Every structure is written in structure tokens, then in C-alpha cells.
Amino acid sequence: MAKEKSGNSSSAQGAGVAVKEAKKSANNLSIPLDPITAAELLERQAAAKTPSEKAIIAATTVSDAPIGGVAEDAKIIRLQATPPGAQTGKIILNKAERKYSFKEYMQYQWHEAKRSGMCYLMLAPFMLLFLVFTVIPVIMSLPMGFTSFDMAEFPPKWVGFDNFYTLFLEDDVFSQAVRTTIIFAIFTGPLSYILSFFLAWLINELHPKLKTLFTLIFYAPSMAGNIYFVWQLIFSGDAYGYLNSFLNTMGFTTAAIQWLTDANYILPCVIIVQLWVSMGAGFLAIRAGFQAIDPAMYEAGAIEGIRNRWQELIYITIPSMGPQLMFAAVMQIVASFTVDIVGRSLVGFPSTNYMAHTIMTHAFDYGWVRFEMGYASAICFVLFVAMLIANSLVRKILSRYLDN
Amino acid sequence: MATKLKNKKLPKKMSIEEQQEAENQAALEALRARRAKAHAKMEKSKGSNKRVGKTWKNDIGIFIFLFLLGLFMVFPIYIALITSVKPINELFIMPPKLYSIDPTLDNFKDLFLVANNSWVPFSRNVFNSFLVTVISTGLHVVFACMASFILAKCKFPGVNIINKAVVIALLFNSTVTYIMQYIVMARLGMINTYAALMLPMIPTAIGLFLMIQSIGQIPDAMIEAAKVDGASLMRVCWGIVIPNVKPALMTIIIFEFQAVWNYAGGSVIYDEALKTIPTVVQQIALAGLSRQGAIGAAAVILMVPPLVIFIAAQGQVMETMAHAGMKD
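Chains A and B are the protein sequences, given in the same order.
Using the numbering used here, read the first sequence as starting at 13 and increasing by one per residue.
Using the numbering used here, read the second sequence as starting at 4 and increasing by one per residue.
A hint or two may mislead.
[As the list claims (entries may be wrong)] Here are the computed lysine to any residue pairs in the SDA-like style, where the Cα-Cα straight-line distance is at most 20 Å:
#1 Lys100/B with Phe125/B
#2 Lys40/B with Glu316/A
#3 Lys167/B with Gly334/A
#4 Lys126/A with Asn163/B
#5 Lys100/B with Gly334/A
#6 Lys223/A with Lys167/B
#7 Lys223/A with Gly73/B
#8 Lys221/A with Ile67/B
Note that these hints are calculated values from the structure, not bench results.
Computed from a prediction, not measured in an experiment: that's the story for all the values here.
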């Protein structure tokens, strides 16, 4: 969007930004492996569908000169983009007005596909498995959600919207599960995300040796995986439990508390354990993001008048860590929406009053306990859609604060 | 360096906005004076790597805070460790102790005994675990290397769609799709075979994504030079690109190893002889806390391999994750 807009504006600044944008996307995308001739370039441009795509193709051949080395600051890039570079961007963009027929486009694509046979061959092993175990299951789960299917009788019986109708209007446990999932999602989503960032920030302030140690310490739980039995020991309902025995000997309580079966305590307990395991790949990415920031930025910041570490964080650190923060957000969304196994192994299944019953647990219940696969896939599909929505929402919100 | 650049460029910027030039000039003078002062200050403290507000008092505060939180993070792991070396009479002491008076390895022997008394010897499960983990990790790495090179550096019809699919696929980890995955596997006749444990773990999106990001950092000139010299795509990939992204390679090995190693394929494997350690641990754990010694021992056995690999490659992981960005 931004690219097209700036392409239409006539100011040198706008075009400069367009070129910068295009170059950036060109780096992300790809460059043809064969050195291309001018004629071929024109051919490629002809095949490009959108103006922005054209700009990208143009930018891959624009020399580095107009952008001028590495500049940290968007403003500097804007200033340094000289008319020649800007014009290159503009001319190509204007050509985008010309139309090519769909048939011509498809012929060109076919020609390109034939040329890149080796590419497809190298891609094949991964993509084949990816297709079978990820893409097909996702695509299959939509129609399956409209059927009644118990794994025994083929083909599945078509029941229309019955599953979704039951799910949203009649299934009380599902509404309870949605509530629980939202509570978990708030704690393991935003809270754990902020916690990861905060911890990574603090760790980054320390001596390099300590950095390594603390990174290991905070990442270790997500590596140790399934040691939920330890938490069962800690929260054990009798006096043998570490927490109960501690509280008793210190005189806070006189009787053992049923941490894992009392409906009042289940949620906090599971949330604590969930937070404990949540410092995963997202945390590592944020940690590494801190390390990748150029120290010269802070020096420059100090001279520009940044007075304390808080300002440093807001004006320098967060904006320059955009991609890492985005990646961590996606990881965290996945983790927070699919909370299930922690609750099941900690407080049992089903838990008292369904206190730890999440949407994922509900799907497990119908899928593996009752074998109502149609209903279970309806649940999974709803969850997946919710995740997609949350993902685009979070990315929108984050991109407002980060300069990409 | 950066400061010099900014000092030089600022006047130029002002000259572009010519409307409030007079006011700007005054402001600029003030700014320059302030900057000169700050710069002098900076110069004085150069070499000591000083930053705003960085004092040793702050550092100690941070250390203590992190230390306390770190204790919370490590505590359960410590308990697992200590439980695994407590002899049976210590496991049920009132109140429970945070240390072992007379540490033994009985629990590990016990674990092997318990497991050996079931259908198959425990060593078979250990063998299964290593077999499955090594094969899936190996195939994942080989396939992901080739695919990510193509996706990051080649242009051909469909590349954009696949790249988008990979990013979306980060969202559907296997938990959301596992029911359909099960049906697919059942149709392919893979249930209760090693393939059911290995194949679904190979196309992990996160590994591919990390590799694409890292390979994206390699200059195109390098690849084109190799192409001009007549190297095939395969040769460029394995001879030039992959050796240059070793940190990313280590990282995806670690992630994949962890994922496969901890994957309890309880619902796709029924045969005792094909089960891996996590599944067996889950089965023993069904006995509840009365078997805590053996469970602790199993947990420690499960924990050690990923931990060792991670510690060995920690630096490389950090380097990779720094590139693990996602742009809009």
C-alpha cells in the first residue's frame, strides 16, 4: 500500500522512500539466480502484476549509489536518495498502468516454471511432507467440521452447521473452555511476552558471562519439557507437598491446601506452571535482538539528549528490534491459544468444575476420548480461525510501534 | 561514527525546510552547543563502554532480581534432580527435604527394572528415542536446508505463496491439526510404525523459517559468482550457502532435536516395542507420586541430551535468533 502511494506522489522524497521500500522487499524476496539481461528484465517487468512488484524488480537492478551505504535512519535515507534513483522507481511505476492479458501472464509463468525445474526438485522433499502433514490436515478440517464422523464408518455423514450450532449455542463446557482459554491467553500471551522482553532487557545489562548463564536458566524449563510431576510434588494436596509443608512449618496455614483439586486454586497453579514453561523460542529471539543492536546507536542517543535508560528503551531499543518482537509475538500467540497439556498433566482430566478446561482440552476430549472427530475438528477449526485473527490483530498493533 | 554523520546532516535537513529558517537557526545553535557538550562528555568516558544511567548499583539490583527469579525457574528442575537421587526412605520424609542425605543411583536402576518388567526392555525405548530423534532431525535439517535456500534466493512461480504459507504455518503447530493429521496417517497406513513418529516431525515450519531468514542475509553476489563459475544449484546450496549459515544450522538442529526428543507419540503408537522414552515416562507417571523416584530418574534422563546440546551451541543460537525477524 505504502509503496503504491509514494510511487504516485511526485516529490523526490516520496519516490526515494518507494525505492527504499522496494529495495527492502527485494532483499526479503529474492533475486534471480542467473545474471539477467536488459531484455529479460523488461520481460519480467511485463509479467509483474502490481506496481509494487514492478518497483521491486526495478530496485533489484538499480545500483546502490542513490541509496548510499548503510544509514541507520529513515530520514537520512530520504535525504540521500538522489533524483536518478528516484526517477528509476517512478518510470517503472508509471509503466505499470499498461495491461497484460491473463493468458499472456499464465504463458509467462509456465515458461518460468519450466526453467526452474531444479528449484522445484530441491523444494520437493520438504514441501511434500509439509503438504501431507500440515496443509492437507488444515484444509481437511474445514469440511470435516460439517460432518459427523467417528473413525469407524466411512464416509463421514454430512450434518451441515449442526456441529457449530451445538458448539456455540448448546455446549456449556465449550463456553467454559472459551473463558478459561481467554484467561490463559491473557497470562501466557501478553503477560509472558512482556515478561520475556523485560527479562531479556535486564539480562542484556549484565556481564557477558552472566548473560549466558541467565539465558540458559530462563530457557531451561522449556527445554526440560514434561517434568510436570515435579509441580505435582510441589503442589501436592497432602502434607508431603513442598508448598504445603513450607506454609505449615512457617505457620501460615494449619491444614494442607488442595492446590490441584480445589476449584479456587487450580487456575493460579496452572498459570504459574504455564508461565514457567513459556520462555521459549520467542524469549531467545528477543534476547538475540538485544544483542544485535549496534552500541553506536546508544552513543548517538546519549548525544541526542537521551537522559535515562527508560528513554533509551522507548526511543532506541524497541523500534530497532521490530522483526524479533514480531516473531516472538507469533510464537507467544501459538503458545497461549493452545494451552492444554500443562493443565491436563497437572490437575488431571477432566479437572474439578472444568476449571482448567481449555478449547484445546475440549478438542482432545471429543477427539481422543469420545471419538467424535467431526465435532472435534469443528472445535479445532474455530481455534485456528481465532489464532489467525489474533495474529493479524497483534501484528497490526505492534507494527504501529515498530519501524520496519 | 553515527554521531558525526548526524551532526553533518542536520544543517542540510534544515535548509530543505526553508519556511521557519530563522527560528530553526536559533534552535540549531542551541542544539549544537548541547551536542558539543555531550560529545565532550562522551569523549571523556570513551573506552569504558559507558552508557546513560549505567552504574554498578543498578547492575547489582538487576543481578539480585534476576537471581531470585532464576531460582524460581530452576527450582523445579532442581527438585527433579534431587528426587532422582533420593533413596526410597528419604522420598517420604515429613517435611520433604530440599537435599538428599544419602544420595544413590537406585532410582535409575529401579527405572530400568520397572521398565524391564513390562513387555520390552527399557534399552529398547532408549534405542527408539535415539533412532527416531536422529533420523527426523537429520532429514529435517537436510530438507529444510535445500528448501530454505530455494525459497530465500530463487525466483520462480509460486515462491511468494510458499513463503506466505510458511509464515502462516508458524501458527498451526501440530496441536491444532493433530486430529486431521491422525486421519491422514491412518489413511496412509502409518499408525503404529516408526514413520508415524518421524515423518510428521520433519516439516516443522519454525526450522524452515529460521533458515530462510538466515540465508536471506547472504549477499546475492556470492551466489551469482558461484553460478557464473558453473556450479549447479545443488552445489551452490551445499558448498556455499549452508557453510555460511552454520549458526542457523545448529539452531534448527537444537530446536528439532528438542521437539522430537520430547514428543510423546502416545496416540499413534500402540506397540510397546516402538514406544519412545517420553511415552514410557507418561505410563510410569500414571502410577502417581508413589513412583516419584523412578519418574525423577526418567525426567533427568530425558532432560540431559537437549540441555547438553543447547549449552554446547548457545552462542550460535543467539546469533541465529538475531536474524529471526519477521517484517510486515
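Open item on the list: Checking one constraint from the list: CA of Lys223/A to CA of Lys167/B, max 20 Å. Satisfied?
Closed with: violated, 34 Å
Task: Hint consistency between Lys221/A and Ile67/B [alpha-carbon to alpha-carbon, up to 20 Å] - done: Roughly 16 Å separates the two Cα atoms, so the pair holds.
Open item on the list: Hinted pair, alpha-carbon criterion (20 Å max): Lys100/B, Phe125/B. Please report holds or violated.
Closed with: Answer violated: Lys100/B to Phe125/B is near 30 Å, above 20 Å.
Open item on the list: With the threshold set at 20 Å, check whether the alpha-carbon distance from Lys126/A to Asn163/B stays at or below it.
Closed with: Distance of about 17 Å is within 20 Å: holds.
Open item on the list: Would the hint linking Lys100/B and Gly334/A be met if the CA-CA limit is 20 Å?
Closed with: Answer violated: Lys100/B to Gly334/A is near 46 Å, above 20 Å.
Open item on the list: Next pair to validate is Lys40/B with Glu316/A; report whether the Cα-Cα distance is within 20 Å.
Closed with: holds, 11 Å
Open item on the list: Given the hinted pair Lys223/A and Gly73/B, is their Cα-Cα distance within 20 Å?
Closed with: holds, 12 Å
- [ ] Given the hint that Lys167/B pairs with Gly334/A, test it: the Cα-Cα distance must not exceed 20 Å.
- [x] Holds - the C-alpha atoms of Gly334/A and Lys167/B are around 19 Å apart, at most 20 Å.
The structure is inconsistent with the numbered hints 1, 5 and 6, although it conforms to all the rest.
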